[in-house]
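Sequence order for the protein chains is U and V.
Going by UniProt numbering, the letters in the first sequence line up with residues 1 to 188, in that order.
Going by UniProt numbering, the letters in the second sequence line up with residues 1 to 539, in that order.
These aren't lab readings, by the way, just hints derived from the structure by calculation.
There may be inaccurate statements among the hints.
Said to hold, decoys possible - In silico DSBU-like cross-links for lysine-lysine, where the CA-CA straight-line distance does not exceed 35 Å:
(1) U:LYS77 with V:LYS50
(2) U:LYS128 with U:LYS77
(3) V:LYS50 with U:LYS172
(4) U:LYS178 with V:LYS332
(5) V:LYS472 with V:LYS507
(6) V:LYS118 with U:LYS77
(7) V:LYS292 with U:LYS172
(8) U:LYS96 with V:LYS292
(9) V:LYS453 with U:LYS77
(10) V:LYS472 with V:LYS332
(11) U:LYS128 with U:LYS172
(12) U:LYS107 with V:LYS292
(13) V:LYS220 with U:LYS111
(14) V:LYS507 with V:LYS323
(15) V:LYS292 with U:LYS77
(16) V:LYS50 with V:LYS323
(17) V:LYS343 with U:LYS77
(18) V:LYS220 with V:LYS332
(19) V:LYS323 with U:LYS111
(20) U:LYS107 with U:LYS125
(21) V:LYS292 with U:LYS125
(22) V:LYS472 with U:LYS152
(23) V:LYS37 with V:LYS118
(24) U:LYS77 with V:LYS332
(25) U:LYS77 with U:LYS172
(26) V:LYS323 with U:LYS152
(27) U:LYS77 with V:LYS323
(28) U:LYS172 with V:LYS343
(29) U:LYS152 with V:LYS343
(30) V:LYS118 with V:LYS226
(31) V:LYS50 with V:LYS472
(32) U:LYS152 with V:LYS220
(33) V:LYS323 with V:LYS280
(34) U:LYS111 with V:LYS292
(35) V:LYS226 with V:LYS343
To be verified - Short derived list, chain U residues pointing at chain V, Cβ under 7 Å:
(36) VAL67
(37) GLY68
(38) PRO70
(39) PRO71
(40) ARG73
Glycine is no exception: its CB is placed at the ideal position from the N, C-alpha and C atoms.
What follows is each chain in one-letter form.
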Amino acid sequence: MEVNYENGLNLKATELRLGLPGTDEPERQTTLRPNKRTLSEISCSGVTDDGNDDHQESAPPAKAQVVGWPPIRSYRKNCLQAKKNEVEGTAGRYVKVSVDGAAYLRKIDLKAYRSYPELLEALEKMFKLTIGAYSETEGYCGSEYAPTYEDKDGDWMLVGDVLWEMFISSCKRLRIMKGSETRGMGCL
Amino acid sequence: METSELKRSKDSVNSYESARRSSFPDEVLERVLFLLKSHRDRSSVSLVCKDWYNAERWSRTHVFIGNCYSVSPEIVARRFPRIRSVTLKGKPRFSDFNLVPENWGADIHAWLVVFAAKFPFLEELRLKRMAISDESLEFLAVSFPNFKALSLLSCDGFSTNGLAAIATHCKNLIELDIQENGIDDIGGSWLSCFPESFTTLEVLNFANLTSDINFDTLEKLVGRCKSMRVLKLNRSVSLEQLQRLLVNAPRLAELGTGLFSQELTIREYEELESALSHCKNMHTLSGLWDAKGIYLPALYLACTHLTFLNLSYAALQSVEVAKLLAHCPRLKRLWVLDTVEDKGLEAVGLNCPLLEELRVFPADPFDDEIVHGVTDAGFVAVSFGCPRLHYVLYFCSQMTNAAVATIVQNCPDFTHFRLCIMNPGQPDYLTNEPMDEAFGAVCVLSGCPKLRKLEIRDCPFGNAALLSGLEKYESMRSLWMSACNVTMNGCRLLAREMPWLNVEVMKEDGSDDSQADKVYVYRSIAGPRRDSPPSVLTL
Numbered sequence: 001m002e003v004n005y006e007n008g009l010n011l012k013a014t015e016l017r018l019g020l021p022g023t024d025e026p027e028r029q030t031t032l033r034p035n036k037r038t039l040s041e042i043s044c045s046g047v048t049d050d051g052n053d054d055h056q057e058s059a060p061p062a063k064a065q066v067v068g069w070p071p072i073r074s075y076r077k078n079c080l081q082a083k084k085n086e087v088e089g090t091a092g093r094y095v096k097v098s099v100d101g102a103a104y105l106r107k108i109d110l111k112a113y114r115s116y117p118e119l120l121e122a123l124e125k126m127f128k129l130t131i132g133a134y135s136e137t138e139g140y141c142g143s144e145y146a147p148t149y150e151d152k153d154g155d156w157m158l159v160g161d162v163l164w165e166m167f168i169s170s171c172k173r174l175r176i177m178k179g180s181e182t183r184g185m186g187c188l
Numbered sequence: 001m002e003t004s005e006l007k008r009s010k011d012s013v014n015s016y017e018s019a020r021r022s023s024f025p026d027e028v029l030e031r032v033l034f035l036l037k038s039h040r041d042r043s044s045v046s047l048v049c050k051d052w053y054n055a056e057r058w059s060r061t062h063v064f065i066g067n068c069y070s071v072s073p074e075i076v077a078r079r080f081p082r083i084r085s086v087t088l089k090g091k092p093r094f095s096d097f098n099l100v101p102e103n104w105g106a107d108i109h110a111w112l113v114v115f116a117a118k119f120p121f122l123e124e125l126r127l128k129r130m131a132i133s134d135e136s137l138e139f140l141a142v143s144f145p146n147f148k149a150l151s152l153l154s155c156d157g158f159s160t161n162g163l164a165a166i167a168t169h170c171k172n173l174i175e176l177d178i179q180e181n182g183i184d185d186i187g188g189s190w191l192s193c194f195p196e197s198f199t200t201l202e203v204l205n206f207a208n209l210t211s212d213i214n215f216d217t218l219e220k221l222v223g224r225c226k227s228m229r230v231l232k233l234n235r236s237v238s239l240e241q242l243q244r245l246l247v248n249a250p251r252l253a254e255l256g257t258g259l260f261s262q263e264l265t266i267r268e269y270e271e272l273e274s275a276l277s278h279c280k281n282m283h284t285l286s287g288l289w290d291a292k293g294i295y296l297p298a299l300y301l302a303c304t305h306l307t308f309l310n311l312s313y314a315a316l317q318s319v320e321v322a323k324l325l326a327h328c329p330r331l332k333r334l335w336v337l338d339t340v341e342d343k344g345l346e347a348v349g350l351n352c353p354l355l356e357e358l359r360v361f362p363a364d365p366f367d368d369e370i371v372h373g374v375t376d377a378g379f380v381a382v383s384f385g386c387p388r389l390h391y392v393l394y395f396c397s398q399m400t401n402a403a404v405a406t407i408v409q410n411c412p413d414f415t416h417f418r419l420c421i422m423n424p425g426q427p428d429y430l431t432n433e434p435m436d437e438a439f440g441a442v443c444v445l446s447g448c449p450k451l452r453k454l455e456i457r458d459c460p461f462g463n464a465a466l467l468s469g470l471e472k473y474e475s476m477r478s479l480w481m482s483a484c485n486v487t488m489n490g491c492r493l494l495a496r497e498m499p500w501l502n503v504e505v506m507k508e509d510g511s512d513d514s515q516a517d518k519v520y521v522y523r524s525i526a527g528p529r530r531d532s533p534p535s536v537l538t539l
């Protein structure tokens, strides 16, 4: 049995006979060899059921890492594994916000904002206060409040110094400092 | 051009063929042939007549051996006495995917011993899928006083101690290119083995080593090697350190960054951007580990002349990569992760009309619940915008026969078509038919008569495929069939019919005696090899 293509390629001439399509699914099954460990271990819907289970363990692993599949180099596979482990450890997006003098803390989702101005505006609204304008050299000018955050290293940093994406990935919590503590840090 | 020169001289030889051998002095012929670099041309030249065969072999300085078992080092040395550069490939390609037993062979040492005796002026060695020990690397380092270039890809058996030996002893080293290998990375101190007086390095690639290196040492090395044109760093080098290196090496043609993710102040970012913008000669950019989208604009000015961009270690989103590609109009080769999705590939089609090679790797190959990734749509989009595409590696979640037909129609020059649908055995998701038509479309339009290597796995091909058209093995370098339907008897028959083919079978534990689990067939003038491990049977 062979398949004829529209362009008239006669497979019989090369005798490289291709797998049989659709209707011959059952036959395709039996051509899978008994010691074929690869396909039988992958739990995918739609894949032919490999009846030859000589090597199947009692509890077939659902996400088994199969020998030679997928066909990517070991180096790359190892890189991806390492990265997965790394990603699991990064700071989340919901952070606590405290304001000096306020009775209780709030929680915000940093992902909801796309820039510093948006974040600061939201904080101003939430706590009914004014935060002032950011300056690289002077800190926050024009109010008694200065927004700060605790980063991955545990240090308290002024909000606005680093690029936004870096900030939201390393920010663990926010603290809006007030009054005497901010003196010396800004241009009051 | 050399070829027309040869044609003219060939004509003149033919017309005087009966009497005038000495009318074309050998020295002149050798001088002309010395300029010939292409292997195909040299093969043709050597077949013209005995004089030309001799002239060619004396003028050849570089030999390429696609399968280390197809010939022996003694035969090579006998035929080509003046070799200075060797490229050697060993294990079958599927060894990259752990489908070949570890002790399979392809050990470089026997070759090095012959080379040390016959080619003491050897300058370059490029190895792919060979087994190399630290002892071999040390032997190499001390045996060839003129040694200039070492390149290793997909090799294994050595550690960073071997690199230390190279750095210590190779006083004239120009190139140290350590690509993806199974290297035992013990530590970064090998870099300190380059002497203070050493200044000749032009190519340094240690991108795929994981351990930390001493940045101070690296900075000094880069500073004193004024001709450095290729520098590929590993993850341990930060963005800030990258900026310091670039300031000293603006003439870099190929750059592999280290980790491309760090909390930079705005000033530090601007300094990095400035340093990169001064790299006007850059044609290859790689590394970019964990690249954050926001830092990519720093690269824009460096991308103008880029022909090869490797983003396969940066999980970028479609919008980010689209913005970057808008600055890469001359791109010929692009490697990405499937996080860019089909939209990102549309941007490829829109921005990179000169593209010839595309590789899309899976970011999460073991995740059953792949919702994202790329599909047939992305590949088709690229094919519409990039008619010169001829080399593709594509890991996707779904594909259709129709898409493949469209792709090969848009891109008629395909030489390498590697498609991997992440769920094995997945049919065409639209028609639910197997992907046979796609297979046929590619084969027909790529021209099977020119087949050099054929690799088949997990397919129901049997002895008929193995034994039909035996003459095809004359022009093919090798054939690999694993998890197919080939039997031992079929292999024995092939071995009997074609005595100049090596037919090797790798048996798996516990498999049926009559089945040939993995078959590797290749032509060889060196005869059956004598160093195969017990799990490999030569028939």
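Checklist entry - For the pair supplied as a hint, LYS111 (chain U) and LYS292 (chain V), is the alpha-carbon distance within the 35 Å limit? => result holds, 16 Å
Item to check | Proposed interface contact between PRO71 (chain U) and chain V, which counts if any beta carbon pair is under 7 Å | outcome: Check passed: Cβ of PRO71 (chain U) comes within 5 Å of chain V, closer than 7 Å.
Checklist entry - Does the structure keep LYS50 (chain V) and LYS172 (chain U) at a Cα separation of 35 Å or less? => result violated, 78 Å
Item to check | Residue hint ARG73 (chain U), partner chain V, criterion CB-CB below 7 Å | outcome: holds, 5 Å
Item to check | Given pair status - LYS323 (chain V), LYS507 (chain V), alpha carbons within 35 Å | outcome: violated, 50 Å
Checklist entry - Does the nearest C-beta of chain V fall within a distance shorter than 7 Å of the C-beta of PRO70 (chain U)? => result Result: holds, 5 Å to nearest chain V Cβ.
Item to check | Pair hint outcome, LYS220 (chain V) versus LYS332 (chain V) [Cα-Cα no greater than 35 Å] | outcome: Within the cut-off at roughly 34 Å; holds.
Checklist entry - Taking the least C-beta to C-beta distance, is VAL67 (chain U) closer than 7 Å to chain V? => result holds, 6 Å
Checklist entry - Given the proposed pairing of LYS37 (chain V) with LYS118 (chain V), does the C-alpha separation stay at or below 35 Å? => result holds, 22 Å
Checklist entry - Is LYS128 (chain U) within 35 Å of LYS172 (chain U), Cα to Cα? => result Holds, because 23 Å separates the two Cα atoms, which is no more than 35 Å.
Next on the checklist: Checking one constraint from the list: CA of LYS343 (chain V) to CA of LYS77 (chain U), max 35 Å. Satisfied?
Outcome noted: Holds, at roughly 25 Å.
Next on the checklist: Checking one constraint from the list: CA of LYS50 (chain V) to CA of LYS323 (chain V), max 35 Å. Satisfied?
Outcome noted: Judged against 35 Å, a Cα distance of about 59 Å means the pair is violated.
Checked against the numbered hints given earlier, the structure breaks hints 1, 2, 3, 4, 6, 13, 14, 16, 22 and 35 and satisfies all the rest.
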